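There are 2 protein chains.
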Amino acid sequence: MDREIIANIKTLGIDMIKEAGSGHPGIVLGAAPIIYTLYAKHMNINVNDEKWLNRDRFVMSAGHGSALLYATLFMAGYSLTLEDLKKFRTIHSKTPGHPEVGITPGVDMSTGPLGQGIASAVGMAIAEKKLEYETKLKNGKSLIQHKVYVLCGDGDLMEGISSEAASLAGTLQLNNLIVLYDSNNVCLDGNTNITFQENVCERFKAMGWNTIHVKNGNNVNEIDRAIQSAKRSAKPTLIEVKTIIGDGSLLAGTNIVHGKGLTDDDIKQLKFNLQIPQPAFYVNEQAKQDMQRQIYTRGNTKYGEWATNYQMFMNEFSNKENYEFIFKDDKQYDLLNYHFNLNANDREAMRISNKKIMNEIAKYVPNLLGGSADLASATNVYLEQLGDFSKENLNGKNIWFGVREHAMGAILNGISFYHYKVFGSTFLSFSDYLKPAMRMAAIMKRPISYIFTHDSIGIGQDGPTHQPIEQLVSLRAIPNFNVFRPCDAKEIIGCWHIILQSKETPSALIISRNETPILESSDAKEVLNGAYIIEKEQGELDGIVIATGTEVHNAIHIARDLYHEKKINLRIVSMPSREIFLKTSPEYQEQILPKGYKKFVIEAGSSLGWEKFVYNEKYLFTIDMFGASGTKDDVYQYCHFDYETIKTKILNLLR
Amino acid sequence: MDREIIANIKTLGIDMIKEAGSGHPGIVLGAAPIIYTLYAKHMNINVNDEKWLNRDRFVMSAGHGSALLYATLFMAGYSLTLEDLKKFRTIHSKTPGHPEVGITPGVDMSTGPLGQGIASAVGMAIAEKKLEYETKLKNGKSLIQHKVYVLCGDGDLMEGISSEAASLAGTLQLNNLIVLYDSNNVCLDGNTNITFQENVCERFKAMGWNTIHVKNGNNVNEIDRAIQSAKRSAKPTLIEVKTIIGDGSLLAGTNIVHGKGLTDDDIKQLKFNLQIPQPAFYVNEQAKQDMQRQIYTRGNTKYGEWATNYQMFMNEFSNKENYEFIFKDDKQYDLLNYHFNLNANDREAMRISNKKIMNEIAKYVPNLLGGSADLASATNVYLEQLGDFSKENLNGKNIWFGVREHAMGAILNGISFYHYKVFGSTFLSFSDYLKPAMRMAAIMKRPISYIFTHDSIGIGQDGPTHQPIEQLVSLRAIPNFNVFRPCDAKEIIGCWHIILQSKETPSALIISRNETPILESSDAKEVLNGAYIIEKEQGELDGIVIATGTEVHNAIHIARDLYHEKKINLRIVSMPSREIFLKTSPEYQEQILPKGYKKFVIEAGSSLGWEKFVYNEKYLFTIDMFGASGTKDDVYQYCHFDYETIKTKILNLLR
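Read top to bottom, the protein sequences are chains H and Y. Everything in the first sequence is counted per my numbering, starting at 4 for the first residue and increasing by one. Everything in the second sequence is counted per my numbering, starting at 4 for the first residue and increasing by one.
Simulated from the structure, these hints should not be mistaken for laboratory data. Incorrect hints may have been included.
Same chains, same names: a pair is fine if it fits in one copy or spans any two.
As the list claims (entries may be wrong) - When the alpha-carbon atoms are kept at most 25 Å apart in a straight line, the in silico PhoX-like pairs for lysine-lysine are as follows:
#	residue 1	residue 2
1	Lys569	Lys54
2	Lys615	Lys586
3	Lys234	Lys141
4	Lys218	Lys208
5	Lys44	Lys291
6	Lys615	Lys90
7	Lys141	Lys601
8	Lys570	Lys97
9	Lys598	Lys621
10	Lys569	Lys602
Predicted, not measured: the structure shown is a model, and the values here were computed from it.
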């Protein structure tokens with residue numbers, strides 16, 4: 004029956020693309036036998052419990068293969084109707100243009116931008132390894148024990164992010180990860196001869212992977228044997244399956260068939276040769292039932308074992324509090340009423356304060372997990388005494404991502420689907436490197452936190468490549484993304500309070516490298532308003548200065564100086580989160596920033612986005628140029644951002 | 004004398020870091036023998052003509068090794084004084100924290116963010132290959148014929164961008180590229196065991212490279228032989244040199260010595276063991292002279308050959324116009340008075356129009372060179388009949404970057420130093436992938452152009468991962484970076500006119516996928532003002548709509564509808580470049596956007612940066628949410644960006 008099922012998956016995919024008027028037939032026809040073999044003969048899933056915690060995961064890294072995936076999920080018996088398939092690529096359908104998690108039953112990961120999927124799957128494999136370790140039963144089995152499968156194409160493997168992630172997967176020996184490589188030597192623009200001549204299997208071998216070559220991508224038995232062998236490997240496995248793009252189409256083997264629907268004539272001959280009746284969306288019910296039966300027979304046994312294991316788990320694990328995060332993620336963390344040992348006027352670098360705070364949090368958030376892209380020593384993002392994650396120490400809570408910011412971002416996305424509270428860290432300037440992965444987090448509503456330190460030209464000597472300018476606005480512009488720039492340790496606590504409550508929004512915590520005193524008047528709980536008055540005017544209000552991060556300290560000094568020198572009454576507003584403040588009530592906003600008063604903004608970053616608060620750009624003390632290498636003070640002067648310049652300009656504008 | 008020179012390079016580097024109070028001693032002590040051997044025994048340079056076109060290039064990809072580089076350049080005889088070295092990491096010095104091209108004589112590339120250097124060097128190697136081909140003399144030699152050397156560390160090789168670039172270098176068999184890999188098994192956070200266990204040489208072999216292993220990184224002869232062998236290779240070469248980080252320091256072999264200055268005691272014992280007198284900045288003049296002599300002896304011969312070749316070149320190449328770009332880049336291109344065959348109301352996708360225009364430009368800009376990250380078929384950025392660059396066709400003008408956006412960005416940076424006018428292309432949504440490289444272009448003032456198509460939710464069916472939202476503002480926020488979003492083919496011409504004149508500013512040309520008519524009233528030369536009135540109000544002005552790109556067409560229709568239906572007089576302003584408009588005179592700005600009138604903005608992207616033009620956010624028709632998969636019209640509605648919604652809201656706001 005294999006042949007019939009594969010043929011039907013192919014024609015359903017082709018009909019969907021025809022109906023939608025766009026899509027990617029090449030992978031549908033080329034890779035159908037791969038995905039069929041995987042789902043029918045290996046995937047441990049329960050189509051009636053699509054969120055089953057111990058299901059095998061599948062990531063369609065070649066996200067343009069969505070039609071193939073949906074057709075397969077339909078044939079597998081997930082709750083997708085023919086009607087759903089017919090609505091491929093239409094608004095509010097269950098079958099969007101690229102796979103979107105949360106929309107389609109059976110889709111475990113949103114994909115589309117190449118390379119993201121395979122790197123996220125590495126994150127899933129890390130999470131599975133950890134959970135497998137953490138849920139070990141007395142009988143030696145684990146509550147969580149499953150595989151992570153990926154289907155990827157040449158494009159995924161050309162992307163740097165996949166190399167980064169694969170190198171880490173090799174180092175960590177994630178043998179629960181099996182990548183099926185649809186190797187057809189053709190990409191969007193043509194043959195890969197001109198762009199991609201490397202020996203992929205040898206490359207993966209060098210990175211510590213097991214590799215298997217499948218000569219004939221239409222041979223279900225050969226694919227089946229390869230997956231069987233991969234499942235027994237002590238290393239992650241890459242199975243290179245040689246396929247023909249658009250197999251069976253008149254354009255088979257060409258790049259044209261990659262992303263352009265087949266002509267009517269082509270569909271006709273294809274269906275004829277596949278022995279599928281001509282009418283669109285024909286379903287061979289017997290084939291569908293056979294595929295469902297194969298999945299059910301295997302999956303049901305596994306699902307039964309799960310029930311038994313779950314019972315044992317509940318009996319054996321007495322300290323359930325530490326494990327309930329595996330099943331639900333509804334714990335409320337209240338940092339505002341937690342006692343942190345902080346004293347006003349204590350001076351310390353915010354990155355150090357943040358480290359202390361994170362380490363306190365780790366004490367009662369057992370599922371905190373994350374790491375740094377080889378900058379833990381500088382960002383100070385490290386959970387002391389909680390160990391480093393490695394194949395020898397699956398218990399470790401610190402993941403060493405290496406100098407791989409982009410993979411870090413995608414790996415965090417993958418882990419986050421396992422309800423760990425994940426974080427990553429690097430310099431703010433290098434946040435650019437992981438932006439595409441952060442965007443995926445925002446699209447997929449993953450509550451990941453990123454700690455970006457070294458947050459402005461204030462870092463000084465390392466020079467313009469290390470001095471962020473446009474990064475703050477770039478992050479603020481991402482939909483469904485919170486950016487926090489606290490001014491001291493107390494505000495950091497407020498930020499973490501919000502971050503830990505976030506269920507669907509990623510957050511960036513932007514902190515400086517420099518030593519900063521804790522302010523008398525800062526307030527953790529005010530961070531919930533996004534902005535608040537941190538220094539009230541002494542008398543009748545002359546003007547308001549909005550500042551963020553370390554600039555708040557300068558703003559307060561300017562206010563005090565101008566009061567003492569000129570009896571000018573400035574109000575200072577700390578705005579740790581622009582987005583949150585703009586969501587507060589108009590009344591609150593008016594209370595903090597009343598209309599009719601001159602307002603100024605001080606932030607060591609791009610002016611974009613700040614104009615709305617001020618009369619015109621003269622009132623903005625921001626930076627729209629690259630910095631330079633020098634002491635902090637020298638670079639501030641170089642960028643016209645030094646204390647005296649700002650103070651004098653504010654004074655002149657108030658006159 | 005090798006030993007003495009290396010010792011002196013080491014102590015100068017260490018003294019610089021001590022004096023500056025920050026820097027990276029690990030690489031100074033570990034890699035000094037490598038860089039010394041390269042400069043003393045191989046680099047063909049002329050320290051008195053640092054911009055010699057045919058010099059060998061050196062890229063310090065491990066940019067934190069700046070002290071090592073500067074000390075070496077000093078000993079090599081470049082115009083760097085001891086005073087310059089003492090000013091390491093201070094403002095306006097010739098010796099900034101990370102290498103910056105244009106500031107330090109002998110520095111060929113700005114580096115710092117890891118991976119960028121090695122990928123840019125691949126671009127240099129591509130440019131060299133092309134020029135070597137293009138400047139071939141009758142005697143078989145070429146005017147341009149040199150090597151590109153890179154020094155990189157573990158961090159560079161963990162970054163995905165280096166894998167992308169190396170894979171392409173292997174495919175293109177760039178045997179003029181030699182990468183020296185300072186392999187010390189230590190990165191910033193610790194030993195690479197936990198992060199990076201792969202076999203780097205095997206990985207590079209799989210990517211088509213020649214690889215050489217140097218066991219002892221202190222053995223000048225062994226390094227020398229490796230480089231000699233690499234120079235004869237038919238493939239690019241990776242030389243893995245095993246070194247000890249911080250060799251000679253008390254902290255040798257640890258990650259602590261990577262980025263932290265040595266203690267006084269440590270410096271003392273180091274100098275003692277290296278037989279260097281204790282006083283800071285000691286220079287062994289004999290050693291310096293010896294190193295200069297080695298370089299001069301070899302370099303002078305090469306420099307002499309260059310003079311001869313140059314004479315032959317001038318005699319042999321009759322059509323000098325086509326080659327003068329090699330020597331100078333001062334040609335003025337006037338597209339505004341060039342006749343393009345365009346008719347108002349012609350409908351065609353802007354990406355098609357752009358292709359025609361670029362192909363016209365290519366006819367008289369002989370040094371136009373670039374390509375796409377495997378999306379040429381979709382972005383339509385392709386120079387017809389000018390061939391594809393490959394090892395068999397060095398004449399080709401189209402570079403196939405593969406699905407490697409980030410490497411594309413860095414490779415363009417490298418090529419741009421050879422005075423080619425380079426361009427790259429992908430979807431706007433994927434501009435995120437190459438952002439770090441575009442930032443380097445802006446910092447280094449490289450006049451590169453990026454053509455980003457599929458510029459909004461208007462692409463429809465591919466869904467949110469492919470629909471840009473925050474990308475426009477992210478690009479606009481980069482200092483020294485021009486963003487163009489033309490509304491039709493005529494404006495595209497105006498954009499290219501400016502792009503071709505740009506000498507120090509990179510540009511992004513943002514165009515849509517959809518079919519768009521050429522407007523009667525659009526004007527190429529008005530692009531030079533950044534914004535202009537494209538549809539004048541019919542009577543007394545009621546309001547002004549600012550729009551960009553395809554939104555200009557909708558704005559014009561709204562104006563016409565509201566005039567016919569309600570006799571409302573709207574002025575429509577097309578703003579293809581926000582940055583350029585904001586640099587025009589206040590008078591011009593007042594003429595286009597007079598104060599005291601209601602203004603609206605329509606742009607299918609983030610609102611950030613637009614607030615300055617309007618009264619409040621109600622007047623902004625922008626998109627701060629992710630799109631969805633559906634038809635263009637459905638997605639517009641989903642994002643409240645459809646024609647009727649905008650028209651109605653404008654009408655209500657005008658009442």
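Checking an output row: Lys570 and Lys97, CA cutoff 25 Å. Within, between, both or neither? For Lys570 and Lys97, the Cα distance exceeds 25 Å both inside one copy (64 Å) and across copies (45 Å).
Checking Lys569 and Lys602: alpha-carbon separation at most 25 Å within a copy, between copies, both or neither? within (18 Å within a copy, 39 Å between copies)
Taking 25 Å as the upper bound on the Cα-Cα distance, should Lys615 and Lys586 be classified as within, between, both, or neither? Intra 15 Å, inter 20 Å, cutoff 25 Å: intra and inter.
Can you give me the call for Lys234 and Lys141, within, between, both or neither, at a CA distance of at most 25 Å? within (24 Å within a copy, 61 Å between copies)
25 Å Cα cut-off: does Lys598 pair with Lys621 within a copy, between copies, both or neither? Result: close both inside a copy and across copies, 18 Å intra and 17 Å inter.
Intra- versus inter-subunit Cα pairing at 25 Å for Lys218 with Lys208: both (18 Å within a copy, 23 Å between copies)
Is the C-alpha distance from Lys615 to Lys90 at most 25 Å within one copy, between copies, in both cases, or in neither? Neither, since 42 Å and 42 Å both go past 25 Å.
Between the shortest in-copy and the shortest cross-copy C-alpha distance, which are at most 25 Å for Lys44 and Lys291: within, between, both, or neither? within (14 Å within a copy, 70 Å between copies)
Regarding Lys141 and Lys601, is the shortest C-alpha distance of 25 Å or less found within a copy, between copies, in both, or in neither? neither (68 Å within a copy, 73 Å between copies)
Intra/inter-copy verdict for Lys569 and Lys54 if alpha-carbon distance must be at most 25 Å: This pair counts as neither: shortest intra-copy Cα distance 65 Å, inter-copy 55 Å.
The structure is inconsistent with the numbered hints 1, 6, 7 and 8, although it conforms to all the rest.
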